[in-house]
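Undergrad: Sequence:
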Amino acid sequence: MTGDSLTRERLGRLEEEQVQASARTPALDRWIASLGLLGLCTLLAASICLGLAFLRPRVLADASRLSLLFGGMLVLLVAAAFLSTTFPRFTVLVAMSVVVVASASLSLLYDRRIAVVVAVGQSVMLALALGESLAFSLAILLTASSYSWLLRDVRHRSTVVRATFIAALIGAVAVGSVGLVVTPFGLSGALQVLGNAAMAAGGVIVTGFLLVGFLPTLERMLGVITGLTLAELRDPRQPLLRQLQQKAPGTWTHSLQVANIAEAAAEAIGADGLLAYVGALYHDIGKMNKPGYFVENQADGENRHDAITPAMSLLVIIGHVKDGVELAAEYRLPRAVRHMIESHHGTTMVEYFFHLAQRRAARAGDEATEIDENAFRYPGPRPRTREAAILLVCDASESAARTLADPTPARIEQLVRSISRRRLEDGQFDDSPLTFRELRAVEDSIAKSLGSIYHGRIVYPSTSREAMDTDDDARERVGEGDSEAPRGDDAGDARDPRAPGKQPTPGSRRAVA
1 MTGDSLTRER LGRLEEEQVQ ASARTPALDR WIASLGLLGL CTLLAASICL GLAFLRPRVL
61 ADASRLSLLF GGMLVLLVAA AFLSTTFPRF TVLVAMSVVV VASASLSLLY DRRIAVVVAV
121 GQSVMLALAL GESLAFSLAI LLTASSYSWL LRDVRHRSTV VRATFIAALI GAVAVGSVGL
181 VVTPFGLSGA LQVLGNAAMA AGGVIVTGFL LVGFLPTLER MLGVITGLTL AELRDPRQPL
241 LRQLQQKAPG TWTHSLQVAN IAEAAAEAIG ADGLLAYVGA LYHDIGKMNK PGYFVENQAD
301 GENRHDAITP AMSLLVIIGH VKDGVELAAE YRLPRAVRHM IESHHGTTMV EYFFHLAQRR
361 AARAGDEATE IDENAFRYPG PRPRTREAAI LLVCDASESA ARTLADPTPA RIEQLVRSIS
421 RRRLEDGQFD DSPLTFRELR AVEDSIAKSL GSIYHGRIVY PSTSREAMDT DDDARERVGE
481 GDSEAPRGDD AGDARDPRAP GKQPTPGSRR AVA
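Just so we're aligned: the sequence shown equals residues 1 to 513 in our numbering.
If you are wondering where the hints come from, they were derived from the structure by calculation, not from laboratory data. On a predicted model such as this, the values are computed, not experimentally measured, just so you know. Hints are supplied without guarantee of correctness; some may be wrong.
Stated by the list, open to error - With a straight-line cut-off of 20 Å between C-alpha atoms, the simulated EDC-like cross-links for lysine to aspartate or glutamate are:
hint, residue 1, residue 2
1, Lys-247, Glu-326
2, Lys-247, Asp-323
3, Lys-448, Glu-267
Claimed, not checked - Simulated restraints on C-beta separations:
hint, residue 1, residue 2, range
4, Gly-380, Arg-360, 25 to 31 Å
5, Lys-322, Val-75, 53 to 59 Å
6, Arg-113, Ala-135, 23 to 29 Å
7, Gly-71, Pro-409, 49 to 55 Å
8, Gln-358, Ala-46, 57 to 63 Å
9, Leu-68, Leu-194, 33 to 39 Å
10, Arg-440, Gln-243, 36 to 42 Å
11, Phe-165, Ser-64, 19 to 25 Å
12, Pro-379, Ala-307, 42 to 48 Å
13, Gly-223, Ala-307, 40 to 46 Å
14, Gly-270, Ser-452, 46 to 52 Å
15, Phe-436, Leu-180, 55 to 61 Å
16, Ile-371, Asp-306, 18 to 24 Å
17, Phe-436, Thr-86, 54 to 60 Å
Glycine residues also receive a C-beta, built at the ideal position from the N, C-alpha and C atoms.
Generate coordinates for the entire structure from the input sequences, incorporating the hints supplied.
TA: Structure below.
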């Protein structure tokens, strides 16, 4: 009656009367109300997606990803509304599962900030669709946001398990606290609060374990890669890496060096260091098919290029990229890693064999024959990500640094900047989002890493003349000396494995990549 105080018991009876009144509402009116709610939620989901596209263009600039995000939000909303209507006792479980699965998936696949924004939108839409209170939606939002932030830098499944149970506890406390506010006091009310808290925790736990199971499928569908998958791929016991260690041990050692350098360079600019590391580990797997044709594997001094023509040597050198891509596809490596394999030379020139062809044409007196430069270039593509661009510079720099007889910090820095500048002028970074400032930071990091690897070499008097000659050759190879000399910072390098750091005579051919 008018003037009476509103107790929790009366509030409960009012809610029951509201449910009964809703059941007596004509079906047409209910459908119209549902369409109105769907339209409102559709506009909200579209606004969230468009806002994220502007705020995180590197992640969500792709129209297909935006469409999938938009459609996924609406599908989850409709599913939650249907299930909660069909099973009203499990509304808390359904609502918690829907928001948590969306935010956790986005946190692992893309970005925690994106996950939190979507969690806010999903919580509001669920409150509208299910007729729940603002406090209930805030409890779900708190749980989903906490779970997203707990899933940062996930590299082991144990991290997901720990985050899942912590988020389940947060969800139980949050939903239980809301229940204490809105549920009438008494035994039945206490049981209802405990039941809702248990369902909230159960929703998080079930969602967490399902997420781990379906994560590889989501990665393939969306063309992204998570820290969990990368952590598994960096394990040297992976079948493909074990084959590389056994068939091409020199290439494996080179790949490890490049991986450490690339990881540090990527972290220096805020790129994905783990992706850079894994991509570098696998970038030369194509050399396993013909390991003896690459200098790092020619420990016995035998040079197989002496027995074949320069044209055949060129095919072998360029072919290791194609072979690597085929192996990556066979072993179902993620798309991001495959791109780093196929682009780690971009469209650079195999300069040693290009200069060799020019010299042979000149010696033959065939001045009219013009050597086609494009025939001596890798087919590409050029790097399209920051991590792939970093790998391109790291690979060339590490290979060239091994030829320096006196690798002082100044000479290493000069070498790295020269290689980077030539790649820049050749247009190798045109398709990459790498900025000039980031490129400079990458150069600094690579020079620092190489300096720590190749420092402290002592040149004894008996070899000082040879060391000076070798160092002069190394400078020529990066473009500071004779322009006709083969430059060794790419796959056409010519190096003599029987005398590390020394260039072979013009008549011999040695190839590294």
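Undergrad: Hints first: check each against the structure and report whether it holds.
TA: Against the structure, the hints:
Straight-line distance between C-alpha atoms of Lys-247 and Glu-326 comes to about 17 Å, which keeps the hinted pair within the 20 Å bound. Using a Cα cut-off of 20 Å, the hinted pair Lys-247 and Asp-323 holds, with the two alpha carbons roughly 14 Å apart. The straight-line distance between the Cα atoms of Lys-448 and Glu-267 is roughly 14 Å, inside the 20 Å bound, and the hint therefore holds. Judged by the Cβ atoms, the range 25 to 31 Å given for Gly-380 and Arg-360 holds: they are separated by roughly 27 Å.
Between Lys-322 and Val-75 the beta carbons are some 40 Å apart, a value that contradicts the proposed interval 53 to 59 Å. Distance hint check: the CB atoms of Arg-113 and Ala-135 are about 25 Å apart, consistent with the given range 23 to 29 Å. For the hinted restraint 49 to 55 Å between Gly-71 and Pro-409, the CB-CB distance of approximately 54 Å keeps it satisfied. At roughly 59 Å, the beta carbons of Gln-358 and Ala-46 sit within the given window of 57 to 63 Å.
Between Leu-68 and Leu-194, the C-beta spacing of about 38 Å keeps the proposed range 33 to 39 Å intact. One distance hint, 36 to 42 Å for the beta-carbon pair Arg-440 and Gln-243, holds here, with the actual separation near 37 Å. Restraint check, Phe-165 to Ser-64: a C-beta distance of roughly 34 Å breaks the suggested window 19 to 25 Å. One distance hint, 42 to 48 Å for the beta-carbon pair Pro-379 and Ala-307, is violated here, with the actual separation near 26 Å.
At about 43 Å, the CB distance of Gly-223 to Ala-307 agrees with the hint of 40 to 46 Å. For Gly-270 and Ser-452, the hinted distance range of 46 to 52 Å is not satisfied, since their beta carbons lie about 22 Å from each other. Judged by the Cβ atoms, the range 55 to 61 Å given for Phe-436 and Leu-180 holds: they are separated by roughly 57 Å. About 22 Å separates the C-beta atoms of Ile-371 and Asp-306, a value consistent with the hinted range of 18 to 24 Å.
Phe-436 and Thr-86 have their C-beta atoms about 58 Å apart, which keeps the hinted 54 to 60 Å range intact.
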